[in-house]
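Asker: Let chain A serve as the given structure and place chain B on it in line with the hints.
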Amino acid sequence: MLDITCPWCGKRHETEFRYGGEAHIARPENPSGLSDADWADFLFMRKNTKGPFAERWCHVNGCRRWFNVIRNTASHEILATYRMGETPPKLPGGAT
Amino acid sequence: MVKYSIFSIARNALQGHRNWPEQWRSPEPKTDYDVVIIGGGGHGLATAYYLAKEHGITNVAVLEKGWLGGGNTARNTTIVRSNYLWDESAAIYEKSLQLWEGLSQDINYNVMLSQRGVLNLAHNLGDVREGVRRVNANRLNGVDAEWLDAEGVKDFCPIINISKSARHPVLGATLQRRGGVARHDSVAWGYARAADARGVDIIQNCEVTGINRNGGKVTGVETSRGTIGAKKVAIVAAGHSSVVAGMAGLRLPVESHPLQALVSEPIKPVIDCVVMSGAVHVYVSQSDKGELVMGAGVDSFNAYSQRGSFHVIEHQLGACLELFPIFSRVRMMRTWGGIVDVCPDASPILSKTPVEGLYINCGWGTGGFKATPGSGWSFAHTVAKDEPHPLNAPFSLSRFETGALIDEHGAAAVAH
Chain A
0 MLDITCPWCG KRHETEFRYG GEAHIARPEN PSGLSDADWA DFLFMRKNTK
50 GPFAERWCHV NGCRRWFNVI RNTASHEILA TYRMGETPPK LPGGAT
Chain B
0 MVKYSIFSIA RNALQGHRNW PEQWRSPEPK TDYDVVIIGG GGHGLATAYY
50 LAKEHGITNV AVLEKGWLGG GNTARNTTIV RSNYLWDESA AIYEKSLQLW
100 EGLSQDINYN VMLSQRGVLN LAHNLGDVRE GVRRVNANRL NGVDAEWLDA
150 EGVKDFCPII NISKSARHPV LGATLQRRGG VARHDSVAWG YARAADARGV
200 DIIQNCEVTG INRNGGKVTG VETSRGTIGA KKVAIVAAGH SSVVAGMAGL
250 RLPVESHPLQ ALVSEPIKPV IDCVVMSGAV HVYVSQSDKG ELVMGAGVDS
300 FNAYSQRGSF HVIEHQLGAC LELFPIFSRV RMMRTWGGIV DVCPDASPIL
350 SKTPVEGLYI NCGWGTGGFK ATPGSGWSFA HTVAKDEPHP LNAPFSLSRF
400 ETGALIDEHG AAAVAH
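Protein chains in written order, with numbering that gives the first Met the number 0: chain A, 0 to 95; chain B, 0 to 415.
Isolated chain A (complex conformation) (with noise of 0.2 Å):
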């Protein structure tokens, strides 16, 4: 089980929270404009990075606020923690 500190709430155990998938995607600024495959690659190509990713988890069952988190996949590390709207902070070999 994962312990994961919320932004707001501090360190607390997985099951309060809730996977929200890959942090900081876009929404496409002209989505009128886009092609079928910019669509494409925007509702479905993920990253699903192993090592270093940067991902969403909400508080459901605290805060109910959602927030990033950097976590390695290959070892459940957590490596950071911030705020929506906030920079991801500069981690050595960077997250993808």
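The set of hints was computed from the structure by calculation and includes no laboratory data. Accuracy of the hints is not assured; some may be wrong.
To be verified - Some chain B residues flagged as far from chain A (calculated, every beta-carbon gap over 10 Å):
#, residue
1, 12
2, 14
3, 22
4, 115
5, 140
6, 400
7, 402
As the list claims (entries may be wrong) - Ranges between beta-carbon positions, derived for each pair:
#, chain 1, residue 1, chain 2, residue 2, range
8, A, 23, B, 158, 48 to 54 Å
9, B, 204, A, 65, 41 to 47 Å
10, A, 41, B, 123, 32 to 38 Å
11, B, 317, A, 65, 25 to 31 Å
12, A, 74, B, 221, 52 to 58 Å
13, B, 128, A, 63, 32 to 38 Å
14, B, 265, A, 9, 43 to 49 Å
15, B, 288, A, 23, 33 to 39 Å
We put the beta carbon where it would ideally sit given N, CA and C, even for glycine.
Answerer: Only chain B this time, still in chain A's reference frame:
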């Protein structure tokens, strides 16, 4: 290859079983192959076997970064069935089941297929309607299916609790009698031995680190054992599909999650069928050794670590005890995880790619084991002929652009 038969067993018994040959060679990789398959799981090995058998392409290497039977092929709950809802899925899974039915004879290896019947339980009115609909859809597609009411379920599987006061009462179930279980690592070993006998090189402990291309066309792979040239490369890497496809600059619509399973201590025979419930998240059967084999759900988060969180196991066992109070004092022996590559529509990808000579077979998610023969059989056609087979044409990578998704979340039996 020594053909396995009563005579070869008797002959080797007289020699104290000391002279059985290796089941497959372990050759050094050649510098060039017609086809290189990345991934020596069931699907990769089946692809190699059918390339050799159906298409006469034998200059083939299967590259496996670990050992055969070390990945998902030996980490699943061994369930085999074909009762999927949509026409496209029913066609490929039913082809697979038909191949299963002749597989032991075909590859001269006992895969211990046991068609003991698979129940998919319904716990509420929505489940009942969905189940009856699926039975009808299956029958229209030539897939055997029956609807059982709660009493019928109890007759088929007497230890199940059908009390109306249960938290999730059993209202009925779909039954596929031809469904069942097979011995999972036999599938890897049997396909490996049969492919090897037709000339395929199976190279273990050989990790692919790069996919070489020249002008948009694939030319080979970089591996931990050197460069290997190839006219065609097929990625069949399950949980690591995104990592391998990324080596050729491809993005995939898959995410990798741990899927956990567990077995109990061996007990006397108590359950002679497979019981699955998508709603409360239980699937259970009993192995020939007497262990209860159970599957839990996928962990919500992406991971490559082959282990998941314990609360997922706890959740599955809570539901399991509600259905089978008789299991309450059985001890669990082992839990483990496999990394499953899940597509947004819970259907696989068997497809050509934008890179010429590069093919991909992935996205089987939580249900790939049952599909092993049909997947390899139809994918071999795609690799050999450089075109989709009618069975796998709907499962192209381009469906995510056209929108022709095949939503099998209902039939996948594992909620994800």
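Asker: Hint by hint, say whether it matches the structure.
Answerer: For each hint, the structure was consulted:
Annotated as non-interface, residue 12/B keeps its C-beta farther than 10 Å from every C-beta of chain A; the closest such distance is 46 Å. No Cβ of chain A approaches the Cβ of residue 14/B within 10 Å, the least distance being about 46 Å, so the stated non-interface status holds. With a minimum CB-CB distance of about 31 Å to chain A, residue 22/B clears the 10 Å threshold, and the non-interface call stands. With a cut of 10 Å on Cβ distances, residue 115/B stays outside the contact zone with chain A, its closest approach being about 35 Å.
Taking the minimum C-beta to C-beta distance to chain A, about 27 Å, the non-interface status of residue 140/B holds against the 10 Å cut. Taking the minimum C-beta to C-beta distance to chain A, about 4 Å, the non-interface status of residue 400/B is violated against the 10 Å cut. With a cut of 10 Å on Cβ distances, residue 402/B falls inside the contact zone with chain A, its closest approach being about 8 Å. At roughly 50 Å, the beta-carbon separation of residue 23/A and residue 158/B lies within the given 48 to 54 Å, and the hint holds.
Here the CB-CB span from residue 204/B to residue 65/A is close to 43 Å, well matched to the stated 41 to 47 Å. In this structure the supplied range 32 to 38 Å holds for residue 41/A paired with residue 123/B, their Cβ-Cβ distance being about 35 Å. A C-beta distance of roughly 29 Å is found between residue 317/B and residue 65/A, which places it inside the suggested range of 25 to 31 Å. With their beta carbons about 25 Å apart, residue 74/A and residue 221/B fall outside the hinted range of 52 to 58 Å.
Between residue 128/B and residue 63/A the beta carbon distance is about 33 Å. The supplied range of 32 to 38 Å therefore holds. For residue 265/B paired with residue 9/A, a C-beta distance near 45 Å keeps the hint of 43 to 49 Å intact. Residue 288/B and residue 23/A have their C-beta atoms about 48 Å apart, which leaves the hinted 33 to 39 Å range violated.
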